[in-house]
Amino acid sequence: MSGYRLPKGGLIDRQTVINAVFDGQPITGHSGDTLASAALASGVEVFGRSFKLHRPRGLIGHGLDEANAIVDVGAGDAFEPNLKATMVEMTDGLNARIPNAWPSGQRDMAAALAWFDRFLAAGFYYKTFKWPNWHLFEPMIRKMAGMGAAPESIDPDTYLHGHCEVDVLVIGAGTAGLTCSKVLAEAGANLLLVDQDNCLGGQTLWNSDPIEAEQPEAWRTATLDTIRSARRTQVLENACAVGIYDHGSVVIDVAPRSATAHRLITVRAQSIVLATGAIERPLLFENNDLPGIMLGSAGEAYAGRYGVASGQHVALAGRGEALHRRAARLDQMGVNITAIIDANKPDGHTDGRVFGGRVHRARGDARLTSLKLTGAGDVDCDSLLMTGGMTPNIHLWCHTGAKPNYDPDLHSFIADDGSTPAWLAGDAAARSGDAAAEDGRWVGYAVAAALSLRPMPDAPRPPKTLTALPIMGSPDDVRPNRVWVDFHNDVRVSDLESAADEGFVSVEHVKRYTTLGMATDQGRTSNVNAVHTLSDYLGVTSKEIGTTRFRPPFKPVRLGAMAGQERAELLSPLRRTAWHQAQLAQGAHFEDYANWSRASAFQKPGETVEAAIQREAFQVRKGVGLFDASPLGKIEVWGPDAADFLNRIYANTIKTLKPGKCRYGLMMSEHGVVFDDGICSRLSDDLFLVGTTSGNANRVYHWLEEWHQREWPELNVGMTNVTEQWATMAINGPNARTLLERLGVDGDISNEALPHMNLLETQITGQPARIFRVSFSGELCFEVSLPAKAAKSLWQDAMDAGADLEVLPFGIEALMVMRIEKGFLHIGSETDGETVPADIGFGRMVEKKKDDCVGRRSTLRPDALREDRRQMVGLRALNTADRLPLGAHIVNEASQRSQGWVSSSAASPTLNRWVGLAMLENGRSRNGESVWLYNHGDRIKAEICSPCALDPEGKRLAM
Amino acid sequence: MMKITCPYCGPRPETEFRWGGQAVTPRPGPHDQVSDEDWSAYLFHRDNPKGEMHEAWCHEAGCGAWFTLRRDTLTHAIETDPKA
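Residue numbers (the numbering used here), protein chains in the order written: chain A, 45 to 1003; chain B, 1314 to 1397.
Same shape as in the complex, but just chain B (with noise of 0.2 Å):
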């Protein structure tokens, strides 16, 4: 089980959080004015890198804040971004 650093409540267990994928993923928009491509890439295309990822966790049984993080997907050595 992971530790993993609220930016707000410290170090927590892994079961407080929920994994929310690949952190930055722009939105496109608005939507009369987007591709299929774009739009599919949007919902579907994700990195899956071996080695340290940018990911998006919510302390969903915490104070409930969002926030990123880089997990190395093989060692999983985790870098808590700072409060944004």
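Okay, chain A solo, but in the shape it has when bound (with noise of 0.2 Å):
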């Protein structure tokens, strides 16, 4: 047992015990604890097992910069992998397990891996698993170096995204955040002040050194109080600004460490000012990860803001003034200090607890015993505290794309005052202690007078005063594989130098090929001494070895945060046609099409669908269907010059079109690719109804304004989407005319005055109608539009009036199995990304047209031109009991080439077999040749025909 709670001190309410599991073994905490300070107070040592060796870990840090307690938590909905235990609100009846560890944290089996480490060097598996290949191995190797496992069920918190516009976002309320923050709340700026933590403070809460000469506390509580009473401030906790975007845009994630609800804010504001503090460096030694081990900032914070001291005898390490300090505050809070080692006195130095020298190497066999230091003489101890050294944290700042510079005398990479898109205050900008408070509200002054609400004083910025130490490097002598940089990820000094020997300079090279600072800690504590480690093998100097860039987020964030409401249904909210009700109580079997939901068959009880879709597809051709088309696309085209406009759309001549007629039109992309094709009707002089697929209305809709609004913007023309402003009803079938006429048209639609492909604006039960004949089964057909609103009524009235008529509903499977009998194409069946209309038999009609129109001169390519083009044809298979399956290669037995393939197919109920459209390599002059189709092994002779396999003289649909 090393850790325990103190008798006195800390941020916590000692009248509240928490009980709570960590690694099989029980803790007790207190109300303020986090899961890291409980487990420490409770004995627990071992907090984590390393990522590729399975070497014990104990804890390293106390909050974000944690790369060693890395847990799973909860179960069932509530489980949640790979949380920092620093991170983890202590609370009644957690259960935290180690992720990576078996059968627990304490006795990993895996740990024998640590006798064959001198193996597992940097490139160890990449070199080692190639053979036959490295994705033969790779779901072992990923499990043995695994984190926590994907949670199985559905994430049930909720989450929502937020947006905010601020003048100032202050991230950080540490001293530098909260000094700038009020100068900024007095001078009346609309102000947000954030802070990952659950408390605000920053190193207020545990360091006990006075500020500007008054208590942390106090100052803390007064200081405090004036931002929050301002009018204009927000101030934030539990919210972590995760990544710094364009245009001063800043995604703060907001999760409250024990909630269920989380919020995702993007805030834009005009000046952001980063008070985001800065990370203690470790020391580089033998064994350095050893339990027991911990950076002399998570010692004090343990000690200061929990009351539990890290051990019963704690050295520390580093040099200088600094670390002297620290001591003298752990004295102060009743940690037994016992030996203070200070790389300023000569090895060998000792008097009293303070010896000279460094840390040579640290022993103990699962936990930290003792010491050899550099000089002769060992320490014992079961803790220690590495002062190595601040590095100010500017991850966010480097999210901005700004560079930061190595500065030879603070031993740090910073960032440039001044020519930032952020201010950086305080530790961040390497000003520390009472100068980051003074920095703080030199920066307030700075953006209050930037943003006009007062004049800045005439003071200079206060001078760089981080406590930098020289960083010191592992001693001479030590065992390179032994000294461990990158904690979170296993990556040892050795690494770094077998990279640098691989011929591996660059520092994102090395970064990429160790996976150094490459865990989710983002090389907190590890980029610095990668680089001083690397400048020192390679003989040059840190600048020139650079740093690896930062990027977003700075912590983990949830899945769940990202999507925020955007999943389930609320994903893509799902239309509903008028006649939804109506057609669920008839036994509709409804699926999802381009976000409509529509009848795919209509099942009777006791059939099966594929029953049903031929039961349909035959009936309609006897009695008359009822067929729901309301997502068909439709938009109104009007204007003088819409006539003119949409002959530059349509691949065919449009302009010639009478009103009161409709035609069939093809659309291009300047390609000359295919891209939807429809009914084009001219309802009069300057109105047209562009019919388009379902699935790509919206589409068609956003082109056509396109073209308009860049290409041809002297036209006078307008277009409105009403495709869900009309319900669509195709009544099909030698019926079809007899029904419509008893549902009250206002109007003659007989075939001598409404022949095929004509329409008629009229009236239904007093209800504005408009009625196209046309028809995609062959059938003769009215498609029957209804303002939407007003259609209701309609689906049943149909079905009533065709009682004694074989009326009857079908669905979109029966009209497939129906068109593809009359060979029409279907875009996106018979089309892809390089079907040009001469494919699909519309080669004479984009000829025939003589004006320009998009896409027209793509078709003159030499490769759209090309002879051995796949071209649509029929398909009947020559044995009439064969079936023609969906996908089947048209394979050349020669070459055993493919040639095409069958874009559709269906049996037909009508003809008694099946009938199939293909894509064919020349295949229009190739009626009449048989083909073998290769599906799946089997092989199947078919003979190639015209499309149209039923009524070509289309007699049906001219009733």
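Be careful, since some hints might not be right.
Sample of chain A residues at the chain B side, in silico, Cβ under 8 Å [stated by the list, open to error]:
(1) D290
(2) H306
(3) Q314
(4) N742
(5) H746
(6) E749
(7) Q753
(8) R754
(9) E755
(10) E758
(11) D896
(12) R900
(13) R901
(14) L904
(15) R905
In silico negatives: residues of chain A with every beta carbon more than 10 Å from chain B [as the list claims (entries may be wrong)]:
(16) N63
(17) H207
(18) T697
Keep in mind that the hints were calculated from the coordinates and are not lab data. All residues carry an ideal CB built from backbone N, CA and C; glycine is no exception.
Relying on the hints, combine the two individually framed chains into one complex.
Have a look at this one:
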């Protein structure tokens, strides 16, 4: 047992006792504890197992800097993997487990790997598991190196996205963030102050040094009171800025540590202040990853904030004044400091508890027991606090694309003052202690002046004072494979050296080869030490090595938070037609097509879907069938230049279309590729209705707008997508006219008055109606459109009116059977991103057109004119019992090469055989040829024929 | 996320807009008088500057208007052209 609860101190409520389990061991904590502080206080020593080598690891940090204590918590719906124990709030009944260990973190069998660690150097996996290929080994290796498992159930938590605009966003509520916010709050700025912690104050929460001659707690309370009481100020705790993006947008993950409601807020700020503090660096020596060795800042935070001592006998290592000040503060808190190892004193120096030199090696089996120093002598201790110097936390600043510079005086990568898209203040700007408070205030003045809230006082910015220590590299004559640089990803000095030996000189390459800094801590604690190790090894300066690019997110963000409310049915709202309920009552089987819920077939009790489709396709040609065609795209194009505009859009001639007439229209992209098709109707001289395929309505609408606005703005034309305003019923079959007449149509719909491809604007029982005599089934058909809001009763009215006319509802599947029988193409089935009009039999139609139109020139490309292009043909099986499998390849026997495929096929109930359409190389000139269809090992012999298998003269249409 | 100023609606977040590529790409024509080279240049060849670029954007989730703006591809600095 090493860590324990100090008798006094800390911002915890000792009256509240909370019980939880950590890696199978019961732990006790208080309100205000994190899982990490409670476990440390309860004597837990092993907090995790290292990523690659499964070495036992203790706590190294106390917040987002933690690299070792990664845990899975909860079970079932509440299961969450890979949390930092330092970021988990201590709650009753909490059950935390160490993920990549078996049977437990304390006794992990895979720790035997450490015996083979010499083989597990950087690049080991790439070099070793390459035969026969990496993917064979990958699953096993991933499991061994694994983090926690992904949750299996649906995340029950709620996530919201928020947006806000402010004058100033201050990130970080430590010393500088608070003084800066105070100035801005008093100046009347619209201010948002965020901090990732659940308690505001940063270092003042544990560091007992006075701030500007005040006690930290009193100073903090007074400053926060001023900020909170300002009228235009908002303060958010548990709010971590995870990324800075373009034009001053910052994404903030607001995730209370034990709550189930999360928000992801995008803040747009005119000015951003990054008061994000600094992160301490570990020291490099042998076995520096033993449990019991942690950052000095963490040791101080555990003692000051949580009242927990990191050990019974605590040693401090580092150098200079900061080291001794820290020791004095810890003394004050009651921590038993037994040794202070000061590198500024010579090796071998001893003076009471002060020892000269550095730590050469840590000793202990699964936990620290003693230290061997560079001079003579050993120090017995169960905890070592490393004071390795502070690194300004400039991750967010780097998200803006800015590049930090290495400052050899401060031994850190720092941001330039001034030329920044965001202000840095306090420790993040290399100013610490009272200077941080002063710097925050100065930045506050500067921002207030930039926002014209108050004049800038004539005072220089305080100088940089960061307690920067020279980076202490690993002492000489240590074994580099025992010195850890990146604790999270198990990268050692030896790995960096071998990367350098193998020619990885760029720091970005070293990062990827060794995985240094690629863990979820983003190299917070490892980055600077790694750069220093490399510069030492290669004999160049740290400035020349440079640093890797930090990228968002600053900390892991839940996928649920990114999705927000855009999930399940809200991801893409489903549309239902006016007749959805009526069809549901008739046994409709609904499927989703391009965000429309549509009936695929109407099953009778005891009937299979396949049988229903066959029955419907057969019956429609006998009696009359009702089809809900409401989702068909309908775009009104109006204005004096409407005809001219559409003539430039369609691949065929449209300007000659007379009012009252309909015409099939084909659209190409500018690349000459078939884009959409449908019926174009002219309602009057200056009003057209452009019909599109159901899935493409929106796309075609925006496309028309784009052509009008960008290419031909001089045309006096407008367009409106009215797809959802009209409910459309397609009445198909020989009895269609009789049925429609019974519905109370106002006007003559006889074959003479309303022939095929004509339209009638009229009324049905007092409602405006548009009747188009067009057909996709090959039967006599009227597409009847009524205003969607007034259409509801029409479905049942038609069913009632057709009771003696063999009326039936039918779905999309039956319509598809009928259109394949007729050889009508379906965009997306016969066509793909290569299809030009000539491929589907519309070459002549386009050629005949005199005017230019979208894509016209592209149909003259040599490739579009190639004779061996795939062309649409019909197929029939030579043995009528054979089916024509969709997607089967048409293979040339001699070359064994695919020449095309079956693009649509169906069993035809009317013809009693399968009918099929295919896209086949040079297909149109091969009529009558026998071909082999290859399908999953089967071969079927088929004959190429005309696409139209039923009523080629179109007699049924003309009834 | 960029903040883009629609000439009709004012500043709005990038997610409301659709990018339409390089703004000015004169369309050669009529179709029977355009060489393969000119047509392929119109279809496929675009400037790819490191720096200022004239781009077409559509306020698709807003007023639906197409407009042009100048965007620096390096810094994302944006200037919207006045209503055309």
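Given A/H746 as an interface hint, is the shortest Cβ-Cβ distance to chain B below 8 Å?
holds (7 Å)
Restraint satisfaction for A/D896 [CB to CB of chain B, less than 8 Å]
Hint on A/D896: holds, closest Cβ of chain B at ~4 Å, below 8 Å.
Agreement of hint A/E758 with chain B interface, Cβ distance less than 8 Å:
violated (12 Å)
Any CB of chain B closer than 8 Å to the CB of A/D290?
holds (5 Å)
Under 8 Å is the threshold here; is the Cβ of A/L904 close enough to any Cβ of chain B for the hint to stand?
holds (7 Å)
Tell me if A/R905 is really an interface residue toward chain B, meaning its C-beta lies closer than 8 Å to one of theirs.
At about 7 Å, which falls below the 8 Å cut-off, the nearest Cβ of chain B leaves the hint on A/R905 intact, so it holds.
Far enough from chain B: is every CB of that chain over 10 Å from the CB of A/N63?
holds (44 Å)
Does A/Q314 meet its interface restraint, that is, does its C-beta lie within less than 8 Å of any C-beta in chain B?
Nearest chain B Cβ about 11 Å off; hint violated.
Hint check: 8 Å Cβ-Cβ cutoff, A/E755 to chain B:
Holds - the Cβ of A/E755 comes within 8 Å of chain B, reaching about 6 Å at its closest.
Under the criterion of a CB-CB separation shorter than 8 Å, is A/Q753 in contact with chain B as hinted?
Constraint on A/Q753 satisfied, holds at 4 Å.
Minimum beta-carbon distance criterion (8 Å), A/H306 to chain B:
violated (19 Å)
May I ask you to test the interface hint for A/R900 with respect to chain B, counting a Cβ-Cβ separation under 8 Å as satisfied?
holds (4 Å)
In terms of the numbered hints stated before, the structure departs from hints 2, 3, 4, 10, 17, listed from lowest to highest.
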